[in-house]
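Line by line, the protein sequences are chains A and B.
Residues in the first sequence are numbered consecutively from 0, following numbering that gives the first Met the number 0.
Residues in the second sequence are numbered consecutively from 0, following numbering that gives the first Met the number 0.
None of these hints come from the bench; they were simulated from the model.
This structure is a prediction, so every number in the text was calculated from the model and none was measured.
One or more hints might be untrue.
Keeping only pairs whose Cα atoms sit at most 30 Å apart, straight-line, the calculated DSS-like set for lysine-lysine is [as the list claims (entries may be wrong)]: (1) Lys142/B / Lys235/A; (2) Lys266/B / Lys306/A; (3) Lys82/A / Lys142/B; (4) Lys253/B / Lys35/A; (5) Lys130/A / Lys266/B.
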Amino acid sequence: MRNVFVYCELEDNIIADVSLELLTKGKSLASQLNCKLEAIVIGSNLNEIDKQIYKYGVDKVHLADDKRLYPYLTLPHTSIVTKILNDNNPQIVLFGATSIGRDIAPRVASSLRCGLTADCTSLVIGDHYVKKDEKEYKNLLYQIRPAFGGNIIATIINPDMHPQMATVREGVMKMEVFNETYKGEIKQINVADYVSDTDFVLEIIERHIEKSKINIKGASIIIAGGYGVGSKENFKVLYELANILGAEVGGSRAAVDAGFIEHERQIGQTGTTVRPKLYIACGISGAVQHRVGMEESAMIVSINTDKNAPINSIADYNIHGNVAEVLPKLIHFYKKNSK
Amino acid sequence: MNGFKIVVLAKQVPDTRNVGKDAMKEDGTVNRAVLPAIFNPEDLNALELALQVKDKYPESVITVLTMGPPRAAEIIREGLYRGANNGILITDRKFAGSDTLATSYAISQAIKKIKDYDLIFAGRQAIDGDTAQVGPQVAEKLKIPQITYAEELKEINKDKIIIKRRLERGVETVSCQMPVLITVHSSADDCRPRHAKFLMKYKHARTNSELEENNELKDLINNREYLKITEWNVVDIEADITYLGLSGSPTKVKNIENIVLQSKEAKNLESTDQDLESFIIELIENHTIG
Numbered sequence: 000m001r002n003v004f005v006y007c008e009l010e011d012n013i014i015a016d017v018s019l020e021l022l023t024k025g026k027s028l029a030s031q032l033n034c035k036l037e038a039i040v041i042g043s044n045l046n047e048i049d050k051q052i053y054k055y056g057v058d059k060v061h062l063a064d065d066k067r068l069y070p071y072l073t074l075p076h077t078s079i080v081t082k083i084l085n086d087n088n089p090q091i092v093l094f095g096a097t098s099i100g101r102d103i104a105p106r107v108a109s110s111l112r113c114g115l116t117a118d119c120t121s122l123v124i125g126d127h128y129v130k131k132d133e134k135e136y137k138n139l140l141y142q143i144r145p146a147f148g149g150n151i152i153a154t155i156i157n158p159d160m161h162p163q164m165a166t167v168r169e170g171v172m173k174m175e176v177f178n179e180t181y182k183g184e185i186k187q188i189n190v191a192d193y194v195s196d197t198d199f200v201l202e203i204i205e206r207h208i209e210k211s212k213i214n215i216k217g218a219s220i221i222i223a224g225g226y227g228v229g230s231k232e233n234f235k236v237l238y239e240l241a242n243i244l245g246a247e248v249g250g251s252r253a254a255v256d257a258g259f260i261e262h263e264r265q266i267g268q269t270g271t272t273v274r275p276k277l278y279i280a281c282g283i284s285g286a287v288q289h290r291v292g293m294e295e296s297a298m299i300v301s302i303n304t305d306k307n308a309p310i311n312s313i314a315d316y317n318i319h320g321n322v323a324e325v326l327p328k329l330i331h332f333y334k335k336n337s338k
Numbered sequence: 000m001n002g003f004k005i006v007v008l009a010k011q012v013p014d015t016r017n018v019g020k021d022a023m024k025e026d027g028t029v030n031r032a033v034l035p036a037i038f039n040p041e042d043l044n045a046l047e048l049a050l051q052v053k054d055k056y057p058e059s060v061i062t063v064l065t066m067g068p069p070r071a072a073e074i075i076r077e078g079l080y081r082g083a084n085n086g087i088l089i090t091d092r093k094f095a096g097s098d099t100l101a102t103s104y105a106i107s108q109a110i111k112k113i114k115d116y117d118l119i120f121a122g123r124q125a126i127d128g129d130t131a132q133v134g135p136q137v138a139e140k141l142k143i144p145q146i147t148y149a150e151e152l153k154e155i156n157k158d159k160i161i162i163k164r165r166l167e168r169g170v171e172t173v174s175c176q177m178p179v180l181i182t183v184h185s186s187a188d189d190c191r192p193r194h195a196k197f198l199m200k201y202k203h204a205r206t207n208s209e210l211e212e213n214n215e216l217k218d219l220i221n222n223r224e225y226l227k228i229t230e231w232n233v234v235d236i237e238a239d240i241t242y243l244g245l246s247g248s249p250t251k252v253k254n255i256e257n258i259v260l261q262s263k264e265a266k267n268l269e270s271t272d273q274d275l276e277s278f279i280i281e282l283i284e285n286h287t288i289g
């Protein structure tokens, strides 16, 4: 039987949310394909780690436990994953589209000479017919993703050179317990057979959490607040919405001058000019100095208590209301309807 | 040793960041004619890191390597104007339709032909595909280590390079021997501008195909070796054509759906649950969010 595999990421011996989401998706794909779900967990001191994941429907956990395997290093993890996949011949392998997943998956794909689709937003089982060869493929993985800067949605398939591999970002798939009492088996691998000393040429000198630089120019979605938001405290909900949409938060000059938000986030003539896919203007009246910095956004949404705010003339959607009431509702309805 | 041999992988891409309302044709295909072709932004960050190595070790030699149609020679000149020493364009119709696996095969074959290198820098990802796969795949094919998402060059000497990496929840500083392939994140330093001296020196640099189109420069270039941009095809890089193009690409595009951005009348909504929920559903369904 050719099964579905998920590479699980660890942070301090807790399985990452993105991996649990992939196990949930992997289980539903495996059920549809009538095969099993297997997980790969690589790290150090992994006692009872398998217990964290059985309830997501995992039938088998391939465990590589060695003090040199945490934190993540590209080469030893690649060697282990490549050998496990070679030995087990899966039909589908899923990775998180994270710093780790996007580092290891292409390397594994290159070594296995198989296809890999990055940042899928949807994974569906379907058939494929090649007219020219009169050849029918049953139960392929449709790997659906935005491409070309988000201007198109492409469905990618990998008909011949298997496994079919994909990465998915955190939060895209739903996390759901399959069965609280589900129990799979564990397969402990002998790490020495999988890695060589040359896999450890790279050394981690330091690792710490550090806030990233603000990158408002490159954001594809921007939630911007103006003076109408009212206070620094009220900006919190903008960050909350930005967080779940993968967006950046920006501000008008008035909001920056009032101290609601830092200068690095200012949008407009004296700040940054942005052209995101979606711009949500919260409590921004839209003086011309602000509009020149954002009017080329592909879609503009204005949330304002003033129906005649100048920004409404360039907006695609005008939501009449108070930011502090509207944003929590948008967050709620997004969580309810996405996934 | 006084310098390093550096290869910078660069790609010419359509500028997908500034897609206006006319970027899609009526039939729903991408209107490439209105999208300017640019130096992939993170590849410029990669070039900057390479130039910083050369600042420290001025005898270093930087080669810009790109794969693409003949016009992609433009970005090699852009690299020369900023301080690169030479460029190689790999171009062949047989590359058409290559996915990341086939592309990384072709690039790795070209690097094997270059043979002598200490460092390979590449942008983390290209804005037309955002896959971030080619860098790691080239490293795998060359059997060398990789450092992804570089943000800062901390230190380099003949034994090792120390790089600060930008991860999604923090940073990591790593040390590695050479040769190594490094992919560079947009949070790294912006690339320095063109230098007037290099602009003057290299403005007539051309590939052979460009000379065939316009041979006025032929005599000039034949007298000045540094103005020749190397051009390699499938045969030059000794590539197995079954590993290239559509046949060498495991992934196939089954279907393309356009996100049509129509400019229509503004919709006016009230802050009722009903209005807000249908608004969110609309944005999810047209792939604006989610």
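Query raised in the report: Which hint numbers doesn't this structure obey?
Result: Of the numbered hints, 1 and 5 do not hold.
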